[in-house]
Amino acid sequence: MAILTSSIARKVAMALSGLFLVIFLAQHFIINFTSVLDPETFNSLSHFMGHNFVVQFIAQPILIIGVIFHFVMGIILEIRNRSARQISYKSYKGNRNSSWASRNMIISGAVILAFLGLHFYDFWFPEIVHKYVESHPVDETRYYTELLQKFESPVRTGLYCLSFVLLALHLWHGFSSSFQSMGWNNKYSKALRGFTQFYAIFIPLGFIFIAIYLHLNQ
Amino acid sequence: MKLTLKIWRQKNSKAKGELKTYPIDGIEGDMSFLEMLDVLNEELINKGEEPVVFDHDCREGICGACSLQINGEPHGPDRLVTTCQLHMRMFNDGDTIVIEPFRAKAFPVIKDLVVDRTSFERIQQAGGYVSVNTSGNTIDANAIPVNKQDADDSFNAATCIGCGACVAACKNASAMLFTSAKVSQFALLPQGKVEATERVLNMVAQMDKEGFGNCTNTGACEIECPKGISLENIARMNREYLSASLKG
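Top line first, the protein sequences correspond to chains V and C.
Residue numbering for the first sequence follows the working numbering, beginning at 1 and increasing consecutively.
Residue numbering for the second sequence follows the working numbering, beginning at 1 and increasing consecutively.
Extracted from the complex, chain V is given alone in its bound form (with noise of 0.2 Å):
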């Protein structure tokens, strides 16, 4: 039982899960980038994610599973580390020995679940709407118009970006900090850090760059 409840425990399922979403972004990233290179691939693989049984009814009710498992246990987590000190230092220099990315996870993570909750609004219940509850022939070509609609608008585009800055704050110090948690620290840690350090900046200025793309090619 020890297992499921201890901190080292809840440290690796909170690595694990998120070293899944990790991967989950890397895929979403390819495919949001063929909109920029080539919108008719973008709607024949944004069809095939959304009619293919696998991905429909396995991937993506693990993801949403991964998703839901990863916030509440950073939740539980957070909680539990604040009430390990109770009161207060008067003066506290987290500055000098860590970084801000490190200390704050809880907000970057805050506001990817916000941002969350605005891109199931704008793309994620839309579709689910357009699929199941109400009957439309099937269109495999609605896809990157779709898109371009949704970055019509300045300040979505904006908060968009927004999320993906903060995105890369919590991919700097948490993709890096699951290989520590799952006790993965030795001589090949050095070039690890540097690979996980470029995919946090790379991966969520790459959204950033498709966001304002789509933005400006209205």
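Take the hints with a grain of salt, since some may be wrong.
Taking lysine-lysine and the DSS-like style, the derived pairs with C-alpha atoms no more than 25 Å apart in a straight line are [to be verified]:
{"#": "1", "chain 1": "C", "residue 1": "Lys6", "chain 2": "C", "residue 2": "Lys111"}
{"#": "2", "chain 1": "C", "residue 1": "Lys20", "chain 2": "V", "residue 2": "Lys90"}
{"#": "3", "chain 1": "C", "residue 1": "Lys6", "chain 2": "V", "residue 2": "Lys93"}
{"#": "4", "chain 1": "V", "residue 1": "Lys187", "chain 2": "C", "residue 2": "Lys148"}
None of these hints come from the bench; they were simulated from the model.
Keeping the supplied structure of chain V fixed, place chain C upon it in accordance with the hints.
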């Protein structure tokens, strides 16, 4: 050197404490931080006031008794030193220095700047030892060959003095660095492998029971540790724990 000290004063574990301001003069850069507090206490005693209570023992950085959160950092602004090794030359004339006890639910304040760190002892008692056969056929430790790297890593982990700076520095008041150092120093040696499974499970269980927070890998503990205990020890403990849990 003229300084303004803001020191946490608390009559006992149940009383509500507060920061009190004490101006102090005539402090030399070559004095240690604790010597500066000795000067203050002498002045307070001469004035008939209650001296500031703080922990200290060896005053040479090896016992782990001294603590103090100084200007927002455990053991003050210098690196790889304990409070007793911290020199006043690290501060400037006219500075204000805020001095607080180490803060954690598992380190309750006893009085002023003294906290109860017996939670660390209970973690040690849960498994931080090697059982020795004393029936007359004890094997000489030197008769068992130990890989040089393992011996060095074990020794480095064993240099942890258990001062609690890792807990004090961590935003989560986590004791992972301390516990992992104590787990590692035995896990790396052949003599420690016999009890490896139960050791890590018991020590981590005790650590959690004491109310320390979870490690979120900020690395603050490693930076503030006066002995430079590495985060590699936490990774090793995580591996040891996972492997012990799977063994059951």
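The hints, checked one at a time:
1. C:Lys6 x C:Lys111: holds (16 Å)
2. C:Lys20 x V:Lys90: Status holds; Cα separation ~12 Å.
3. C:Lys6 x V:Lys93: This hinted pair holds, its Cα atoms lying about 16 Å apart.
4. V:Lys187 x C:Lys148: Holds. V:Lys187 to C:Lys148 sits at ~17 Å (cutoff 25 Å).
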